[in-house]
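*Asks:* So the chains spell out like this:
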Amino acid sequence: MSSVPKQLQYTEEHEWVRREDDGTVVIGITDHAQQQLGELVYVELPEVGRTLKPGDAMAVVESTKAASDVYAPLAGAVRAVNPALTAEPELVNTDPYGAGWLVRLQAADSQLSGLLDASAYTALLDAAD
Amino acid sequence: MREPLIFDQGRPGRRAPSQAPAVAAATDDLPAALLRRTPPPLPEVSELQVVRHFTRLSQLNFSIDTHFYPLGSCTMKYNPRAANKLAMLPGFLDRHPLEPEAHAQGFLECLFDLQEMLKAATGMSGVSLTPMAGAQGEFAGVAMIRAYHQSRGDTARDQIIVPDAAHGTNPATATMCGCDVVEIPTGPDGDVDLAALRQVVGPRTAGIMLTNPSTLGVFERRIAEIAEVVHGAGGLLYYDGANLNAILGRTLPAAMGFDVVHINLHKTFSTPHGGGGPGAGIVAVNDRLEPFLPIPIVGRRDGAGGHEYRWLAEAERPRSIGRLSGFMGNAGILLRAYVYMRLLGAEGMRRVSGYATLNANYLMKRLAAAGFTPAFPQRRASHEFIISLKDVTRDTGVSAMDFAKALLDKGFHAPTTYFPMLVPECLLIEPTESEARQELDAFAQALIEIRDLAFKDAAEVKSAPRTMPVRRLDDVRAAKQLDLTWQSRADSPAVSPR
Amino acid sequence: MPFIPHTTEDTAAMLGAIGARTIEDLFDEIPPALRVDGLPGVPVGLSEAAVTRLMRERAARNRATLCFLGAGAYEHHIPAAVWEIATRGEFYSAYTPYQAEASQGTLQLIYEYQSMLAGLTGLEVSNASLYDGATAFAEACLMAVRGARQARARRIAVPRYMNPVWLKVARALVAGQDIELVELAAAAGRTDLDALATLDGQDFAAVCIPYPNFLGGFEPVDELTNWAHARGMLVIAACNPTALALLKPPGEWGEKGADIACGEGQPLGIPLSSGGPYFGFLTCRKALVRQMPGRLVGGTLDVDGRPGFTLTLQAREQHIRRSKATSNICTNQGLMVTAATIYLSLLGSEGLRRVAAQCHANTLELVRALASVGGITAPSAPFFHEAVLTLPRPVAPVLQQLAAAGILGGYDLSADFPELGSALLVCATELRTAEDIAAYRRALAGVLGVAVAA
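Protein chains in written order, with our numbering: chain A, 5 to 133; chain B, 194 to 691; chain C, 890 to 1343.
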């Protein structure tokens, strides 16, 4: 069983999104996604300042057996990327919702639309089993 | 058993003196700024050390010449020694690729004959031998499809349809050619989902890439309907010849409705795999694609003294997609395939597919009778078949990978694992026609014993291999602490002092 | 039945186990309308003795000549041990080393190869090889576009005297991805540095520098490297591997060194073999390793902590990354790399340097000898082991007459580079002797109708 924190929002592509007090959003991949990939050996992150449209491939997470694109769940400009992942990509495995975050975006819209809440994402995972 | 790196076996000043000029010629006319200041880090060893080192390295390998190698989709059949010996005759080997045609009539005649035989084996009307591997053949095929549409002013066709079970090279090739990839699913019987195909074809369809029999080890029975749907939408059909061995002399890609084919000569026509190459991925096409074939091609005309063979290149083939190699593809590999085909002849080729299919169906039946789960038990196997170990994995935790490693300890190379990705915990098994029934029986027995052990002592299976030069390797470490070259410093990661 | 071991009894028993009557029955899923019952157009099979006779007869029709032709493929001495060992069945008939535990021989050999090529080029990382020099150059261009800092730059600057066939191949291979190869202006047989200013303001992903260039001479490698780096471009070196034993490696060009090196591996123990198989090499700085196409072997440890080798960074490759792979390439030229690694081990750095120096000295001698035949102009700038001679009349008929006399006189440059006039590219590797050179001089004098002293 993978963990799905209540306070986050999710995408069907197994990303999570957290709104911060300063209006930015933080994005990572879910516990389920990291389990599917296996131990990560490399994370490719976007350049700070890059403008993203929803659905743009913004990062790549790579294990020895697979490499997956991580898509921008919403429009915005990259404000920061997680610098710790260069040396320790496995943080995504050990702490996917915390120290293993990927990207911080300045969202273009103040509303987060089209995302799943925790129960909808859990239902999605159950349906796939 | 370990063999030290060649670099660690040297002593400063040691050489193999008979292999280089006895004195160092002067180079003082060259500008000093261009000269190398420190010598490259090459080993300093004797000729005997070199011979011994590489002979020992060879002994750390499994190969067709030493082991049963039932690697699905790779056609690891016997590579006749005659093909190697005859392709390395000095008259072929010492020939500069740019020698005048008049000096190369014997070589060109072999290639011309090979072109003709490959036309016959595919039912196509044109052949180019230049692609140097299957993936390059695919590139040539998709590039020709694009060139064909563009030559008709049909410029919007930029999508290539690929089944989900396809080799990874198919979508990678489409991308390299600037196309978008549209994936279609496979139905439960192993055939392409025709309804899904009908939905995706349209004015953007450039073509479809299919392997038949597919990578699932079954013949695509509705291929004629697929051809109708794709042609009806204005697209062309690409035949990935990876599995041609299964149908050689039984049906023809042209008869199935394909417009272009690549053939992996290192599979069906038994040229060596060489530890990962060189291969050859010749392409054959029908009339509509013929003008676009990659160059050069060998042509023949009647001269004063009989046939005259010559290169057809830019001047004769102005609509070609161009050149794909510096000279003439993997010429020596083409000669090996030519020798093999002459040894087989038409009847031998039909026997290849017959006995390859016999071996696969026999082994599948044996394993099914022993309680293994074929992926498509209701279907005939082609020259290969899939078993899924999902149930064993569920009950014991022993995975397809564990089976693969345990097979190595029993003296068998592992089948292809985890491909196609559609079938969980799968082994894709291709025995080839050159293996005897007794070898297949022994292999089936080995799988049965591993499964029995999995139920008794799963940890024992998971600890395999134990008899190989190394045990299971840490892939994560290899990817994270990249160690790709020898460093003369003693502190380099994997090269510990011995 | 060649290569099929089944006895009649085996076949009957196997069909019985399957529940089929004949082998034909096993093809019952092929719709009848699609079936064929033979391959007219393929001749009947022959015995090994008969095929041997046929191939010997055809090989003998390929006429032997004295070779002064290079232009991308070079006749060097190949130690007997190279192919004796490379064609051992354990190398020859092994597959790609996906099962690492059963492929340590191939894997360790590739690791050693990677180390040697990285060392020769002065860069940090090498892949396990590509098809040939021309395709390695094309892949280097694609790699540079992926790795370029100027994300939208899809153009590569290439000197005029780049191998013209490599340019054709690269154009064919990158055409689908809207990448453009742009020619740099030349003066006196090399890139004209003064003309570079006309490119200011244009975006390029990289410049590719041939080393030596197609005319056998030297580009201003340091100046071009610094020029490119100052504009945020990558630098690709396209080099002759024999020359690298003698010449400054690309990793030391200019202030920061080239970023990528590629080239044709044929000179390293691979026979001319009518054009292939050869192999292409590709090396780069470590920062670009994830942009690299093809296989890579890395060292690691097994579960007992013992060192071993495995394919690594496979997630970049087509079998995992599919439509997003760095390239569609699947093979490396494994057998060729086996030969090259044995070759480089036998030669060592001193042996390879002597081969390179002897090629250079022999070509100098060849140029001196041929230029002493009246009406022939020798080059004034330095060269490695190829040089351009200007003849007093069109090259093609001269080469034809030389060929009739058993001499491959060189490569006619006039079609690719008309600005050079009646230009002939000649080459003398370490295998050419003083007698060979004298024979060429006599033959050329005869063809040109000039009397020369013996």
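The hints are simulated quantities; they were obtained by calculation from the structure and are not laboratory data. Among the clues, some could well be false.
[What the hints assert, rightly or not] Here are the simulated DSS-like pairs of lysine-lysine, each with C-alpha atoms no more than 27 angstroms apart in a straight line:
id, chain 1, residue 1, chain 2, residue 2
1, C, Lys1175, B, Lys673
2, B, Lys673, A, Lys69
3, B, Lys673, B, Lys649
4, B, Lys558, B, Lys583
5, B, Lys673, C, Lys1145
6, C, Lys1213, C, Lys1057
7, B, Lys278, A, Lys69
8, A, Lys69, C, Lys1213
9, A, Lys69, B, Lys558
10, B, Lys649, B, Lys603
11, A, Lys69, B, Lys312
12, B, Lys673, C, Lys1057
13, C, Lys1057, A, Lys57
14, B, Lys583, B, Lys649
15, A, Lys69, C, Lys1175
16, C, Lys1213, C, Lys1175
[Stated by the list, open to error] Restraint-style ranges between C-beta atoms, simulated for each label pair:
id, chain 1, residue 1, chain 2, residue 2, range
17, B, Arg245, C, Ala1077, 29 to 39 angstroms
18, C, Asn1115, B, Pro617, 51 to 61 angstroms
19, B, Arg249, A, Ser7, 29 to 39 angstroms
20, B, Arg659, C, Thr896, 34 to 44 angstroms
21, A, Ser7, C, Glu918, 45 to 55 angstroms
Every residue, glycine too, gets a C-beta built ideally from N, C-alpha and C.
*Asks:* Now tell me, hint by hint, if it's right for this structure.
*Replies:* A quick look at each hint next to the structure:
1. In summary, the hint linking Lys1175(C) to Lys673(B) is supported, as the alpha carbons are separated by about 13 angstroms, within the 27 angstroms threshold.
2. Only pairs whose Cα atoms come within 27 angstroms are accepted, and Lys673(B) paired with Lys69(A) is accepted, the gap being roughly 13 angstroms.
3. Taken as a hint, the Lys673(B) and Lys649(B) pair is broken in the structure, with Cα atoms around 36 angstroms apart against an allowance of 27 angstroms.
4. The hinted pair formed by Lys558(B) and Lys583(B) meets the criterion: a straight-line CA distance of about 18 angstroms does not exceed 27 angstroms.
5. For the hint linking Lys673(B) to Lys1145(C), the alpha-carbon distance of about 26 angstroms falls within 27 angstroms, and the restraint holds.
6. In summary, the hint linking Lys1213(C) to Lys1057(C) is supported, as the alpha carbons are separated by about 25 angstroms, within the 27 angstroms threshold.
7. Of the supplied pair hints, the one linking Lys278(B) and Lys69(A) is violated, its CA atoms being roughly 39 angstroms apart against a limit of 27 angstroms.
8. At roughly 15 angstroms between alpha-carbon atoms, Lys69(A) and Lys1213(C) fall within 27 angstroms of each other, so this suggested pair holds.
9. A distance of roughly 32 angstroms separates the Cα atoms of Lys69(A) and Lys558(B); the hinted pair therefore is violated under the 27 angstroms criterion.
10. Simply put, Lys649(B) and Lys603(B) have alpha-carbon atoms about 18 angstroms apart, close enough for the 27 angstroms limit, and the pair holds.
11. The straight-line distance between the Cα atoms of Lys69(A) and Lys312(B) is roughly 39 angstroms, outside the 27 angstroms bound, and the hint therefore fails.
12. Proximity of Lys673(B) to Lys1057(C) is assessed by CA-CA distance (about 38 angstroms); at most 27 angstroms being required, the pair is judged violated.
13. Distance restraint check for Lys1057(C) and Lys57(A): the Cα-Cα separation of roughly 38 angstroms exceeds the 27 angstroms cut-off, and the hinted pair is therefore not satisfied.
14. As the CA atoms of Lys583(B) and Lys649(B) are separated by approximately 17 angstroms, the hinted pair is consistent with the 27 angstroms bound.
15. For the given pair, Lys69(A) sits about 22 angstroms from Lys1175(C) by alpha-carbon distance, which is consistent with the 27 angstroms threshold.
16. Restraint check for Lys1213(C) and Lys1175(C): satisfied, since their Cα atoms lie roughly 21 angstroms apart, inside the 27 angstroms limit.
17. A hinted range of 29 to 39 angstroms is violated for the C-beta pair Arg245(B) and Ala1077(C), which are about 51 angstroms apart.
18. Hint check: Asn1115(C) to Pro617(B), Cβ distance near 55 angstroms, so the stated range 51 to 61 angstroms holds.
19. For Arg249(B) and Ser7(A), the hinted distance range of 29 to 39 angstroms is not satisfied, since their beta carbons lie about 51 angstroms from each other.
20. A beta carbon spacing of about 36 angstroms between Arg659(B) and Thr896(C) agrees with the range 34 to 44 angstroms that was offered as a hint.
21. Evaluation of the 45 to 55 angstroms hint for Ser7(A) and Glu918(C) yields a pass: the beta carbon distance comes to about 48 angstroms.
Taken one by one, the earlier hints fail for this structure at numbers 3, 7, 9, 11, 12, 13, 17 and 19, listed in ascending order.
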